[in-house]
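In order, the protein sequence lines correspond to chains A and B.
Numbering that gives the first Met the number 0 applies: residue 0 is where the first sequence begins, and numbers increase by one.
Numbering that gives the first Met the number 0 applies: residue 0 is where the second sequence begins, and numbers increase by one.
Errors might be hidden in some of the hints.
Result set (BS3-like, lysine-lysine): computed pairs, CA atoms no more than 27 Å apart in a straight line [said to hold, decoys possible]:
{"no.": "1", "chain 1": "A", "residue 1": "Lys99", "chain 2": "B", "residue 2": "Lys7"}
{"no.": "2", "chain 1": "B", "residue 1": "Lys52", "chain 2": "A", "residue 2": "Lys133"}
{"no.": "3", "chain 1": "B", "residue 1": "Lys101", "chain 2": "B", "residue 2": "Lys227"}
Calculated from the structure, these hints are not laboratory results.
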Amino acid sequence: MAGTTQNSKLQWLRNPGVLAALPASIFLLIGFAGPLLMVGAYSFMPSRSFSLNQIPTFENYISIIHDSYYLSFFWSLAMAVIVVILLFIICYPIAYGMAKLFNKWANLVTALIAVPILISENIRLFGWVLILLKNGILDGSLQSLFGVSASGLLFTVPAIILGLVYVYLPFTLFPLVIGISMVPDTLKEAASDLGATRWQIFREVELPLSMPGLMIGGILTFVLVLGSLAEAKILGGQAIVMIADDIESAFTFAQNWPKGSALSVLLIALSGFIVFLLFRRVDLDRVIGRR
Amino acid sequence: MNRPSWKKLTERFIILWTGAVIVFLYVPMVAVVLASFSKQRYFKFPVPAFTDKWYQKAFSSLSVRELLWTSLSIAALVTIISVVLAFLGALAFARYDWKGRKLYQRLILLPIFFPQAVLGLAMLLWFSAIGVTTSWHTAVFAHLVWITPIVILIMSIQVYSFDPALEEAAYDLGATRWQVLTQITLPILSPGIISGAIFAFLLSWGNFPLSLFTTGADQTIPEWLYAKMVSGYTPMVPTLGSLTLSAAAMFLLVAYIIWLAISARRRRLDSL
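With the rest of the complex left out, here is chain A (with noise of 0.2 Å):
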């Protein structure tokens, strides 16, 4: 089947793969590409103009870098570096005991960790409120048992960290497990016969090896965190404004869809790039396929 494929373009079309291929991917063009075109193409269009028939013009970009919306950008980079550095000091000890420790219970850690992922993030979200409310369930518990008071932590930077920590967990722990799972046990005793410490064991070999599924993890979760947008609103309240928070204000309250379009292309270009510097890296077919 695979041999025959080079000879001419239709019998490309024919190859069973090619033929499987194509819904999806039609799907995607309409659904996908196409999306992305209007928006790159209505980032050219003067302001405030809801049709596509204008005279292209480079204005958004400009007063996009003469207003403050570098402060949002930072704040959108500065949760996601963040975000992605606590996740992986939390997600590292359990992803290695999903790859060699729990044996038989790793399904069942793994089904408890995806579940939530099914839930609805906005009642996730909300049940934080509920926790971290005043006179929610920790302020009133404090309250009632050691009479100090804990009101102020809702509508802070602390509780959008919290709530994207919680909310991206599963992304960057499935992500590692698969590749601390792809880092042979016989080479880390090998090393260590050889007289390797561990931290030497942890960095020459576990690390390399485990690199792919570290990488994805991590540039999962942190181009999730750039386009956030639920997270800093529910918990976060004014206290800062993420990008996607931006895009979103100036797609509805401004109703000025170029200025939107022209955030959102900036956002996707930056996102867009980081991607790229993975998938250059990454070969899907051992990572996923693990052969």
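With the hints as your guide, set chain B onto chain A.
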């Protein structure tokens, strides 16, 4: 340093840590359920009095029924369409060898890495440009763009472990294309298809950022919850939150039972 005891200590730490993190994941959901039974208009802890009146109100409310129906219709359609698209997509991803596969693998996964709120807004522009009025139908389309790649990824994991020799053996024994598909390929890949369908349904059921911009005048439950959380809080927020939560839990339970039945049947067949 005594090596074995150090190892024991790390192992114990890892187990405790994992347990703590799992508790951390579930605490907010418990909080929502607790709040839904609280009698006060505004939540207060410790809860002074409990009631089920919010549930009675929710069950008798027509607008709640409409929200449920919209969310359910979207999720059901998204599941059916995405499973079909993704089944073929996963075969192309992991089963067949073809020129252009590496590029396909990367492009098809891009929507997963994409900020959903921006994707929703891009869809809004797209629908308005091609002159489609947004309603829950357009939300199905929007959900599919994000969910199909995820289902492809989930199914691909199963497809990678599929041995193509089984199909070839069936062909050699004179089976038709259709027979091979329904009697060899589909049954073997069914665990992947089921997990894909579960993810498709629940991710659509709980989705907020895509729905927000693409449902038009219709509203899903996550949208309603968000609107009420940000402005105009009512005690129905935890109630409806708990209801969708338990609906998702029930769905998972039923899926798990089906799963058990299938694997029991498979074991019986294997032992023949």
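Structure-based check of each hint:
A threshold of 27 Å between alpha carbons decides the hint, and for Lys99/A with Lys7/B the separation of about 14 Å falls inside it, so the pair holds. Restraint check: the Cα-Cα separation between Lys52/B and Lys133/A comes to about 24 Å, which is no more than 27 Å; the hinted pair holds. A C-alpha spacing of about 45 Å is found between Lys101/B and Lys227/B, which places the hinted pair above 27 Å, so the restraint is violated.
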